[in-house]
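Enquirer: Sequence:
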Amino acid sequence: MRLKKHYLCTALSLAFTQQAVAAQESDSLTVWSSPVSSTTTTVLDQPTMKALDKQNVAQALSVVPGVVLQKSGSRNEEQVKVRGFDSRQVPVYFDGVPIYVPYDGNLDLARILTNNLGAVEVSKGYSSLLQGPNQMGGAINITTQKPTKPLEASLGYRQGWSRSQDNAYDMHASFAASSDLGYLQVSGSQLKQDFLGLPHGVNNDIAGNHGKMINSSADDKRGIVKLGFTPRENDEYTLTYIKQDGEKDNPPYSGNSGQKSRYWQWPEYDKESFYYQGTTQLNDRFTLKSRLYRDTFENTLMMYNSLADLKNKKGSYSHYSDYSDGAGLQLAADVRENDLLSFAVNWKDDVHREKGAPHAAYDRYEDRTWSLASEYQWAAADNVDVVAGISYDWRDSVEAKKHEKDGSITHYDDNNQSAFNWQVMGKYHFVNEDTLALSYYDRTRFPT
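Residues -22 to -1, 1 to 426, numbered by mature numbering (1 follows the signal peptide of the UniProt record, and there is no 0), are exactly what the sequence shown covers, in order.
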């Protein structure tokens, strides 16, 4: 499999809300980039997502210019394209920690609820290479909330109806406390859908009856615990635990194209993340950022090829059990009064395991990825900023084995890859606070 490489993309954008975006970024611990490069990020904060009634991250991203919602019929997934790049080329992060699935780089963004999130950030043009590899088309970063008051709490519940029947509910709660020494944030949310409604007059065995679409339920639950320690004004250390349990069904195709209907169910679409992040101001010039994480993904698929198979629970089985371990360090130095030089190293181990029967042995695939990056922010003039970044990434195939039907094991050859990335961006700030940004980059991604 060859390395897929994006050789050239020139982006020209005129932004009118840069100060608001920059203010949002200044409160964030999660984006590893210079202050200038982070201002190219579009931010959807919690009040905006609530005002627009966006219940999951896929819906929220659909309102961002240049982002298009993409639905997958066979897997019942909602993903996005960012300026034409799909989710394999635009990695998804949670507080700067990569959470995309090792198997194919995708992630069902409809499973990530927006309740109790801090913000959703989209980098469409210049995306800092300090964050790590595979940012061919940009990056999406989902941030968790952080308390702003000594004590705060919230509680919410919504009920949904279809055809005069209650078919869904949405509930969430959070509690937070903070002091000069740190903070604690605890939250939980659930969005449960029993069925999708059908129009009046639609009654058939394929689509459903009595106003209820067959095989159309979903249930997503998430809990977040975030503990922060702030011993000094510019130092911060956080431990975050996220547990997400999901279930979903895929309604069958009920048109007249001759396509055979199938009834797929995911009784398990679960993610679990635990990570540490820290910021330490070493002295007046140097700042060190660090992170360490583990992210797991459990996915069970039951494939029923007919309504009779669904009723008799007679179908095919597929299970994924994936996990990723990683770490990163970034050192930033104030070079001149308004210039910043940063270096970063990132390591990530991805393990994909799959099997086609509950008691079968796992096929196992493991890749190890490293990235070395540097970024320089240059205040060229009072109203002109220039930021440039380079990185070198390499990936080693640690293991690739498959259990064959005859009992033998196939070991695949190594597929080691390497790539060089570079980019530059210039920004001109007008007197009316508008900003013109021009970026030119050559970024890559490794094949899944």
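Calculated from the structure, these hints are not laboratory results. Any given hint could be a false lead.
[To be verified] Distance condition first, Cα-Cα at most 27 Å in a straight line; then the derived DSSO-like pairs of lysine-lysine:
1) K221 to K190
2) K333 to K289
3) K292 to K238
4) K292 to K190
5) K199 to K28
6) K221 to K238
7) K32 to K199
8) K238 to K199
9) K221 to K289
10) K124 to K238
11) K170 to K32
12) K291 to K28
13) K190 to K124
[Claimed, not checked] DEER-style ranges, computed between Cβ atoms:
14) Q143 to S268: 49 to 55 Å
15) D303 to K380: 33 to 39 Å
16) Q143 to S40: 25 to 31 Å
17) P25 to G334: 32 to 38 Å
18) E250 to V46: 49 to 55 Å
19) D391 to T258: 39 to 45 Å
20) D391 to D64: 24 to 30 Å
21) D213 to R136: 23 to 29 Å
22) A29 to S52: 42 to 48 Å
Predicted, not measured: the structure shown is a model, and the values here were computed from it. Glycine is no exception: its CB is placed at the ideal position from the N, C-alpha and C atoms.
Enquirer: Each of the hints needs a verdict: does it hold here or not?
Expert: Cross-check of the supplied hints:
1. K221 to K190: violated, 30 Å
2. K333 to K289: Within the cut-off at roughly 24 Å; holds.
3. K292 to K238: The given pair, whose Cα atoms are some 17 Å apart, holds under the 27 Å limit.
4. K292 to K190: holds, 23 Å
5. K199 to K28: holds, 18 Å
6. K221 to K238: violated, 36 Å
7. K32 to K199: holds, 16 Å
8. K238 to K199: violated, 32 Å
9. K221 to K289: violated, 31 Å
10. K124 to K238: This hinted pair is violated, its Cα atoms lying about 48 Å apart.
11. K170 to K32: Holds. K170 to K32 sits at ~15 Å (cutoff 27 Å).
12. K291 to K28: violated, 39 Å
13. K190 to K124: Distance ~40 Å between K190 and K124 Cα, so the pair is violated.
14. Q143 to S268: 49 to 55 Å: At 51 Å between Cβs, range holds.
15. D303 to K380: 33 to 39 Å: violated, 23 Å
16. Q143 to S40: 25 to 31 Å: holds, 28 Å
17. P25 to G334: 32 to 38 Å: Violated, at about 46 Å.
18. E250 to V46: 49 to 55 Å: violated, 30 Å
19. D391 to T258: 39 to 45 Å: holds, 43 Å
20. D391 to D64: 24 to 30 Å: holds, 27 Å
21. D213 to R136: 23 to 29 Å: violated, 39 Å
22. A29 to S52: 42 to 48 Å: violated, 34 Å
Checked against the numbered hints above, the structure breaks hints 1, 6, 8, 9, 10, 12, 13, 15, 17, 18, 21, 22 and satisfies the rest.
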